[in-house]
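*Asks:* The primary structure of each chain is shown beneath.
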Amino acid sequence: MIALLLRDLKLALRAGGGFGLGLAFFLIVTVLVPFSVGPQSSLLSTIAPGVLWLGALLACLLSLDRLLALDWEDGSLDLLATAPLPLETVVTVKALAHWLTTGLPLVLAAPFLGVLLNLPVPGFLWLVVSLLLGTPAMSVIGTFGAALTVGLKRGGLLLSLLVLPLYVPTLIFGAEVARRGATGMETQTPLLMLAGITAATVALLPFASAAVLRINLR
Amino acid sequence: MSIAAKANALWEYANPRKFLATSERVMPFFWVTSITCIVVGLVWGFFFTPDDFRQGSTVKIIYLHVPAALMAINCWLMMLATSLVWLVRRHHVSALAARAAAPVGVVMTLIALITGAIWGQPMWGTWWEWDPRLTSFLILFLFYLGYIALWEAIEDSDTAADLTSVLCLVGSVFALLSRYAVNFWNQGLHQGASVMRAAAVTGADTEEKVSNVYFFPLLVCIIGFVFLFIALVLYRTGTEIRARRIKALLARERVSG
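Chains as they are written, first to last, in my numbering: chain A, 1 to 218; chain B, 1001 to 1257.
Since the hints were derived computationally from the structure, they do not count as laboratory data. Possibly wrong hints are sitting among the right ones.
Chain A is faced by these chain B residues, among others (derived, beta-carbon under 8 Å) [said to hold, decoys possible]: (1) Leu1113; (2) Ala1117; (3) Ile1118; (4) Trp1119; (5) Gly1120; (6) Gln1121; (7) Ile1139; (8) Leu1142; (9) Ala1181; (10) Ile1241.
Cβ atoms here follow ideal geometry from the backbone N, Cα and C, with glycine treated the same way.
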């Protein structure tokens, strides 16, 4: 398990596995927003939590098609499936590696991009907390989508079409936490809902991902 | 007949030949019932009911809007059920029925969205509002699109059936979750459930539900749409079964020739 995790992390860091690409995408989206809606700082500070959440979500989505596709192409996925490790564990570790290389950097970068969008001061804490809670769910749901489309030639666009509707609840509660936090309202209810979604997806969705992967590897 | 025997009788239709024979026998009846009901319901509703005292004649779009919305949701439920049957009992007819139902469902969703927009414009003064009901229908529409796209994308039909079934199960959970998330996110303009109220059973005409004047033609329309849906799904499933047979015949010909 740990060997698999280390292998995935090393691949992501060394082989140009898109480690920095997600971050760069997040940065560019954030920079483009003021160009499209205008530079008024009051407007930017109202939409900042939502924009940052959406940017993080899209950056996460962008990195999904590499999550399993590379292993599929060079055949290591078949090896992993025949290994003594249960496939459920494999997909969980894959999702964890994805989170460590994509989700966590996004969470760490978000406050700096929040400065660019003039995010109100109390919002920073809640932005980081909500992203920290929400990004694992995005990685796990994304792994499910990647497992569904792994064998397809042009899976990339289809992957987005399948995964984006599944992201809706996470986005709603996550952005709500950040938005309420930024305007100084109480955040407990959406925060608990977000935590519930993350806990449930992390606990249950790997089973679906593994089942789907087994079908695809048949 | 006992319940167990009845359940067994249901599984007989997992045999494509039996399914085709029976569905062809009952389909004309379904078509006739559905068209009669829809025509009667619409004519009754459009020409023989009074205008609403607040909404005027725009209220009459209810006869298309409500049945379509109802079928859009029930179609997803049917797909969920047939997907489960496929995953558990591996009956091909079941998987093909789910595949056949999806385009019908997406059209119903679209009809509900469009008639809703046409109705909303004079009533709320806007074509679109991010109301929970409207938003969840839009999300349902996206789920349908993803489901159909996945069916189309995969060549091997058994793999496609497996994958779409799992997607349907997972999607149902997330669709339900989205429904509640959207409710939390924005309080809405759309009126609450008002067709099927307790008063609808007893027949009493109360404030909280759609007036009986509109309710009976609406009921006829709903029955018509239900039969239309069943007939369409049976018809499309038959087409899918035949398409599968043609494929098998062609493959056999290629091998022997």
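*Asks:* Holds or violated: Leu1142/B as interface residue toward chain A, Cβ cutoff 8 Å?
*Replies:* Result: holds, 4 Å to nearest chain A Cβ.
*Asks:* Interface hint check: Ile1118/B, Cβ to nearest Cβ on chain A, cutoff 8 Å. Holds or violated?
*Replies:* Because about 25 Å separates Ile1118/B from the closest Cβ in chain A, which is outside the 8 Å limit, the hint is violated.
*Asks:* Should the hint that Ala1117/B touches chain A count as held when the rule is a Cβ pair under 8 Å?
*Replies:* With a closest approach of 20 Å, the Ala1117/B hint is violated.
*Asks:* Given Ile1241/B as an interface hint, is the shortest Cβ-Cβ distance to chain A below 8 Å?
*Replies:* violated, 22 Å
*Asks:* Close enough to count: is the Cβ of Trp1119/B nearer than 8 Å to one in chain A?
*Replies:* Result: violated, 25 Å to nearest chain A Cβ.
*Asks:* Min Cβ distance, Leu1113/B to chain A: is it shorter than 8 Å?
*Replies:* Result: violated, 15 Å to nearest chain A Cβ.
*Asks:* Gln1121/B was flagged as interface toward chain A. Is the shortest Cβ-Cβ separation under 8 Å?
*Replies:* violated, 26 Å
*Asks:* Mind checking the CB of Gly1120/B against every CB in chain A and telling me if the closest is under 8 Å?
*Replies:* It is violated, given that the least Cβ distance between Gly1120/B and chain A is near 22 Å, above 8 Å.
*Asks:* Close enough to count: is the Cβ of Ala1181/B nearer than 8 Å to one in chain A?
*Replies:* For Ala1181/B, the interface hint holds, since the closest Cβ of chain A sits about 4 Å away, which is under 8 Å.
*Asks:* Would the hint on Ile1139/B stand, with a C-beta cut-off of 8 Å toward chain A?
*Replies:* holds, 6 Å
Violation of the numbered hints given earlier is confined to hints 1, 2, 3, 4, 5, 6 and 10; the remaining hints are satisfied by the structure.
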